[in-house]
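**Student:** Work out the full structure: start from the sequences and follow the hints.
Protein chains: 2
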Amino acid sequence: MPRGPALDAEAILTATEDVLRRYGLPKSTVVEVAKTLGVSHASVYRHFPSKVALHEAVTRRWLSRSHQELADVAADTAVDPSQRLASWLTALFAAKREKYLDDPALFATYGLLVSEHSVVATEHITELLGQLTRIIGDGVRSGDFASADPEIEARAVFDATTAFHHPAHADQWGRAETRTAFENVRILVLNSIRSH
Amino acid sequence: MPRGPALDAEAILTATEDVLRRYGLPKSTVVEVAKTLGVSHASVYRHFPSKVALHEAVTRRWLSRSHQELADVAADTAVDPSQRLASWLTALFAAKREKYLDDPALFATYGLLVSEHSVVATEHITELLGQLTRIIGDGVRSGDFASADPEIEARAVFDATTAFHHPAHADQWGRAETRTAFENVRILVLNSIRSH
DNA sequence: CAACTGACAATACTTGAAACTTGTCAGTTG
DNA sequence: CAACTGACAAGTTTCAAGTATTGTCAGTTG
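Which chain is which? The protein sequence lines are A and B, in order. Here the working numbering = 1-based position in the first sequence + 2. Here the working numbering = 1-based position in the second sequence + 2.
I should point out that these hints are in silico values taken from the structure, not numbers from a laboratory. You may find that some hints are simply not true.
Reference listing, derived: stretches of chain A covered by chain B, where coverage requires no fewer than 3 residues with Cβ under 8 Å from a Cβ of chain B [as the list claims (entries may be wrong)]: (1) 153-162; (2) 166-175; (3) 181-187.
Ideal Cβ positions, reconstructed from N, Cα and C, are used throughout, including at glycine.
**Tutor:** This is the structure we're talking about:
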């Protein structure tokens, strides 16, 4: 008896997010997701081949939402490259920090999910590096930046700011000292890449 | 009946290192340390007030051994500051990487110990920042480096190289790409700090 | 007949009783 | 008498038994 809106993948993903938020990763089960939706757990398996695939999909959706706003900063060619790079790095740190401070347990849950689905994590990082490469490439073209290879430079900038975007360091992000530390690394990075 | 060399703190620390290496942190007990030394566990408590204090002492000893060689690089004023900073960063990464690759399980054990004894970790970082500050201060004085405040600059350099010294990233240190990534961050940092 | 379900085997997780560990101290020993 | 120990209470960890979860599929339903 299919009543109400037909069960679809998006509804299942949203229900899975709910369950992850309420129960955390270890206690979030496919049975609980199905219960939230008022269906049997077998129905969930008609849309996702396994719990792992479901978790991978929910992780991908979460990460892709989280780099949407960064894409806008990266694409805004009206702003000069130095400012654009500074804004992008600040936005990356701010987005992660806010997610962590808003709900540390949920942030930890997604941190676990990301580490369990390294393919998704790699795709996410590739996307971010693409955005960084674009900003740096624009800067080199306009003469603001000096770099032999924007792609390698992007990786170096990303690696140099690890402490401010890698979840392993999230427990430091609430401290005032960490905000200052970020400012100083951002200045260091921009000072390095700007042509002299 | 005290026979052989009297039981002293150093012997207990060495036995504790043995037990940590053989059993890992969760299964390393004071009883096992005592068994290794051929004494009762009550004897261990005559030298250390608690298991936590024992672990703190063993952690302090391990970290202080590990920054001994770095102190030499930092103090070698015969080498010019750029080279000295490059060598110091390379030595820091090399020391950590070798310890990790030599015995990943033991490295993880000490990583846990360090995180459980944050006071010791803070002291260790303060020591490393002191060495960095000295190199940068020398560079500013000789005109090789430009920096308003060597102490803040040292912190920024340390933070920018987090991916290559923080144990959370140890699982990447064996990869060839990571060595390249380190070279590029090291170049970025030196390019930033050198006066133009 | 497409969407869904109940029932099921295999595997993973919880739980509480037994075993072990920490830290103390009065007593032993050379 | 200083160094050490055995025995002990309080707290923590382990393990085996029961319980829950995953993933499948033949069968039901609108």
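**Student:** Would you check chain B against the region 166-175 of chain A, counting CB to CB pairs closer than 8 Å, and say if three or more residues qualify?
**Tutor:** holds (count 3)
**Student:** Does the region 181-187 of chain A contain three or more residues whose Cβ lies closer than 8 Å to a Cβ of chain B?
**Tutor:** Check passed, 3 qualifying residues.
**Student:** Would you say the region 153-162 of chain A counts as covered by chain B, given the rule of at least 3 residues with C-beta under 8 Å?
**Tutor:** n = 7 at 8 Å, threshold three: holds.
The structure fails none of the hints (numbered hints given earlier).
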